[in-house]
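Asks: The lines below spell out each chain.
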Amino acid sequence: MTIHHHATDETLMRYAAGDLDAGPARVVAVHLAGCPACSARLAQFEAVGGAVLEQMEPVPMAPDAFAAALGIIEAEEAGRAAPRKPAAARSSSGRAPSLLPGGIPIPAPLADCEFGPWRWIGIGVRASAVRLPEDPEARLTLLRVGPGRKLPEHGHVGTEFTQVLVGSFSDGYGRYLPGDLSEMGHEIEHQPIVDPEGECICLAALEGGMRLTGFFGRLIQPFIKL
Amino acid sequence: MIRPRGPCVEEVMNALLDHARSAMPTGAPPARRGTVVTHLMEDEAVPDGDELAGLIRKVAQDRDRQAYARLYSYFAPRVNAFLRRSGLPANTAQEVAQEAMLNVWRKASYFDPARAGASTWIFTIARNQRIDHLRRARVASSAEGEVPVEDEPAPSGETLLLAAEREASVRAALKALSDEQALVVRLAFFGDKAHSEIARELGLPLGTVKSRVRLALGRLRALLEAQS
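The listed protein sequences derive, respectively, from chains D and Y. In this text, residue positions in the first sequence follow the numbering used here: the first is 1, and each later residue adds one. In this text, residue positions in the second sequence follow the numbering used here: the first is 1, and each later residue adds one.
Only chain D is shown next, with the shape it has when bound in the complex (with noise of 0.2 Å):
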């Protein structure tokens, strides 16, 4: 799979600060573990992270907190020896297997999450919530678009975290292919075209405040409290 489209620094950045939105996140993520590029460039701004550890200016601990870990410490190795009782199993429940059409595994990254259903958005166009167990609010969304479906131009308040997992789609900036990545900044107007040799799949998500009169807004609308 060559990939054509990858993450900007500043994402990788942000991913490696710990400071970009769940959702995003594990868009990023989906992307990485098929990206060894983007990986590379995450490894060395976790290193940068690394140096920009080294150089803070020390700010001391409470006195008796080393004491106070070695105390936890000691617990936990004396609490070793004993058998340890299994790790519960993840309920897997709220998988789909069947999400993902010709046996396409749902990305590891994903493994944990849980699917909603398909659900009709638009002519051509069906999107399915997916739910993350560290923040059930994040706003994360598989989209299933039929082939030559012209989707309307439409901009967002965040950027857009685009990645597909089938088919591709283009627009003003280029192909989009199963392992690519698109970000669109919220200064972007841009009008996806899914290409007419089958249906796309994606995961998509949005970062920042919404605009739900934005496309994206409407087709992830149906999935929020308002």
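Worth flagging that the hints you see were computed from the coordinates, not collected in a lab. Please note: incorrect hints may appear among the correct ones.
[Stated by the list, open to error] Computed beta-carbon distance windows for the label pairs: (1) Y:Gly218 to D:Glu57: 44 to 52 Å; (2) Y:Asn91 to D:Gly146: 48 to 56 Å; (3) D:Thr2 to Y:Ala168: 25 to 33 Å; (4) D:Ala78 to Y:Arg136: 42 to 50 Å.
Backbone N, C-alpha and C fix where the C-beta goes; we use that ideal spot for every residue, glycine too.
The hints should help you fit chain Y onto chain D, whose structure is shown.
Replies: Chain Y alone, transformed into the frame defined by chain D:
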């Protein structure tokens, strides 16, 4: 290693010594060497990257409390400072820093010096702990107690530079940035809250701060690519 604007070695040592002393009641007998570690030692110097990595290995292999004490005294106050700077209140920053340092002990066997330097690895632990904390605070009804934070995506080894090489090139690139750009990159790591604080402090619009971040990252990227 002395870096621009970083505390000089002497300052760091003094801070460490102050910290170590404050950890010990006045007049307390010195720590017994090689036995039970109950508090931080007084005579530590600032360790370098290899030394820090060696300390993590000792914790992983031998559950070495002395090694952990040194890691703690070096990193805990820095993680604490980082968390404070990223906008956590003092008490919370300290709690999260403590939890991060406990994870250093618990996860030491996962440390792979071929993948990340010691400071980088501990940075990612602190970062994940902060994410975890912020999400916990949001998911108030979390009965499970344990909120998962996604693991690092597995890098495909052959495409990643050796960690040591990467650490060196990143540090060289940071040094080659102008003072302002190096500052901007550091501030960018503290997150959005820091952005708006900087904007207020400098009397700049938030958009200007953000575009300076973008410029600085572009320069950093150019420097990193020029090296490879």
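Asks: For every hint, state whether the structure bears it out.
Replies: Results for each hint:
no.	hint	result
1	Y:Gly218 to D:Glu57: 44 to 52 Å	28 Å, violated
2	Y:Asn91 to D:Gly146: 48 to 56 Å	53 Å, holds
3	D:Thr2 to Y:Ala168: 25 to 33 Å	30 Å, holds
4	D:Ala78 to Y:Arg136: 42 to 50 Å	27 Å, violated
Checked against the numbered hints given earlier, the structure breaks hints 1 and 4 and satisfies all the rest.
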